[in-house]
Amino acid sequence: MNVIEAHDVSFTYPGANGTALRNLDLIVKAGELLAVIGQNGSGKSTLVQLLSGLQLPSTGLINIGNTEVNDRNLASIHQQVGIVFQNPGSQFVGSTVAEDVAFGLENRQVPSDEMPAIIKRCLQVVDMWEYRHTSPATLSGGQQQRVAIASVLALQPKILILDEATSMLDPLARQQIMNLLVNLRQQGLTIIMVTHHLSEAEQADRALALNNGEVLAEGPVHAVLSQQKLVQQLELHLAPGEHLLNQLQQLGISTPDRYLTTEEAVQWLKQRLNLTQ
Amino acid sequence: MAQTAIEFNSVGYTYHSGTSLASSGIRDVTFTIPSGSFTAIIGQTGSGKSTLVNLIAGLSKPTTGEVTVLGQSLTKQSNKAQQAGIQQSVGYVFQFPEHQLFANTVWDDVAFGPRNLGWSTAKINQQVQTALEQVNFPTNRYQQSPLELSGGQQRLAAIAGVLVMQPQILILDEPTAGLDSGASQRLLLLLNQLHQAGVTIIMITHHLEYVAEHADRVMLMGDGQLQFAGHPQELFRNAELMKHNHVLPPAAVQLGQQLLPPGTNLPLSLNELAKKLATQLKAGEQDE
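For the record, the sequence lines run as chains A and B.
The opening position of the first sequence corresponds to residue 1 in the numbering used here, with each subsequent residue numbered one higher.
The opening position of the second sequence corresponds to residue 1 in the numbering used here, with each subsequent residue numbered one higher.
Derived from the structure by calculation, the hints contain no laboratory data.
All C-beta atoms, glycine included, are put in the ideal place defined by N, C-alpha and C.
Among the hints, erroneous ones may be present.
Only pairs whose alpha carbons sit at most 30 Å apart, straight line, appear in this in silico DSSO-like list of lysine-lysine [unchecked claim]:
hint, chain 1, residue 1, chain 2, residue 2
1, B, K282, B, K243
2, A, K120, A, K229
3, B, K243, B, K275
4, B, K61, B, K80
5, B, K80, A, K229
6, A, K229, A, K158
7, A, K120, A, K158
8, B, K282, A, K229
9, A, K270, A, K229
10, A, K229, A, K29
11, A, K270, B, K276
12, B, K76, B, K61
13, B, K61, A, K270
14, B, K275, A, K229
15, B, K123, B, K80
16, B, K76, A, K270
17, A, K270, B, K123
Reference excerpt, derived from the structure (chain A facing chain B, CB under 7 Å, subset only) [what the hints assert, rightly or not]:
hint, residue
18, P14
19, A16
20, T19
21, H243
22, V266
Generate coordinates for the entire structure from the input sequences, incorporating the hints supplied.
Rendered as structure tokens:
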């Protein structure tokens, strides 16, 4: 089932000289984890804004489920699409973690006797239930981002979009968020993740590469990431394994011509070094 | 001997001091930072890194102890004028500084600080030009609205707005967050150039690869206290201390542990690791 269908979508910011996004076609299937990659200014954030109804296409058509993204359907779009941004601090409103999750539910007029169960379930999913009475301001960045995800999940979106949601987190917190996303995907949630990091993109099912407002490549993640020139052009932060293999290649060692995740790269190198039994 | 740019003497800072909400930001922190050094500050979120640099920048006064920045001292008793003195000699690039761009054009945004200081128009124009050139900002976009720029360009414009004041000390809080790899490398190159020119650089970062490659000193904060101050190599080889403070070693160290024989001196950068592995792989080929 397609949860997102975009046909020939273009977008120009009011008063801007150039188009931010041109002739985009995109289909996202239910339960997919899609990585959106590209340089700063390539149109990634514009795409996020269009898919979530924060901006409307200048031309072209976007459907979320059976709902067309237009100014009459915004309430329905906001209900179906949840977003987590780069800076978690800017999204907090409650004085405790639990209140923060409750805020969105109150806005949706969820009956108050149903709220405690929803709050508990969502905070447990992100492993933050024990912090329910804590002020969000005193949490670490990774914990804040997990609460932000819980607040969005509480509203039961069909699609979760993360716009560089890990970019200000330390590597450990980054890994925890990625593990959480992989779990949520396994439970059937559709996830779109904007990232500059190959170590995150490589865990997706599919990748959409944007360049200068246009689609440069789209497909299964390993097929997209195996195009070395493309990866270079996008100026992604290489995953450590890929970085190491690139360096080895430059030093005259022949390496596999398809993309290897860091784990696969270590296994491949172990074999070459005769470190495996 | 290098002059001291910054000195902390048993410095503590408590948020909401004297109220029931009082919570400790940092405790009993003592260190010096030599003039012209490139210091990285690392540690988990909430470990006290931002509290520390707010004190260096004169944005807050210590609750206990004494902070000295470029010879100007700051204690609990100091007045606003003393705080302002420090603020003027320290440039501070906040997290996501582009959120603070507000003028109609890039040029006006960078010129805002100098105009407030009442410099002559000629001097302002010259300094703004220099600052934008320093960050390699595309000349054809000086008159564009900051809102029309890409995230990377906005970041550069915001940094130019700090550099235009010609600070002797430059603090940057996660300056590469959200930038693609190319923009990150260009920004680090700029910091290296400023470092070469004698500016004291203090950078909060989670990227230990950057620390290994660029910083000559590193300070590790944990639980509001200074856990380590010294050379990056020394810290990265202290796995126990890193683990205790929830900091992952650089990727090269993690991979090196899996790929190099036990007891090998682990390289800190992936490029060095690749060289070691290439030598081994080539030796292996000759044996066969």
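>> Please verify whether K270(A) and K229(A) have alpha carbons no more than 30 Å apart.
In response: Cα-Cα ~26 Å, so holds.
> Regarding the hint that H243(A) lies at the interface with chain B, is the smallest CB-CB distance below 7 Å?
Replying inline: Constraint on H243(A) satisfied, holds at 5 Å.
> For the pair supplied as a hint, K270(A) and K276(B), is the alpha-carbon distance within the 30 Å limit?
Replying inline: Within the cut-off at roughly 14 Å; holds.
> Are K80(B) and K229(A) close enough, with their CA atoms no more than 30 Å apart?
Replying inline: 55 Å, violated
>> With the threshold set at 30 Å, check whether the alpha-carbon distance from K61(B) to K270(A) stays at or below it.
In response: Since the Cα atoms of K61(B) and K270(A) sit roughly 54 Å apart, the hinted pair is violated (cutoff 30 Å).
> Keeping to a limit of 30 Å between CA atoms, is the pair of K76(B) and K270(A) held or broken?
Replying inline: 58 Å, violated
>> Next item in the hint list is A16(A). Is there a CB on chain B closer than 7 Å to its CB?
In response: 5 Å, holds
> Are K229(A) and K29(A) close enough, with their CA atoms no more than 30 Å apart?
Replying inline: Distance ~28 Å between K229(A) and K29(A) Cα, so the pair holds.
> K243(B) and K275(B): Cα distance at most 30 Å?
Replying inline: 27 Å, holds
> Going straight from one Cα to the other, do K61(B) and K80(B) come out at no more than 30 Å?
Replying inline: Holds, at roughly 10 Å.
>> Hint check: K270(A) vs K123(B), CA-CA at most 30 Å. Holds or violated?
In response: Cα-Cα ~60 Å, so violated.
>> Hint check: K120(A) vs K158(A), CA-CA at most 30 Å. Holds or violated?
In response: With Cα atoms ~20 Å apart, K120(A) and K158(A) stay inside 30 Å; holds.
Comparing the model with each earlier hint shows violations of hints 1, 2, 5, 6, 13, 16, 17, 18 and 20; every other hint is respected.
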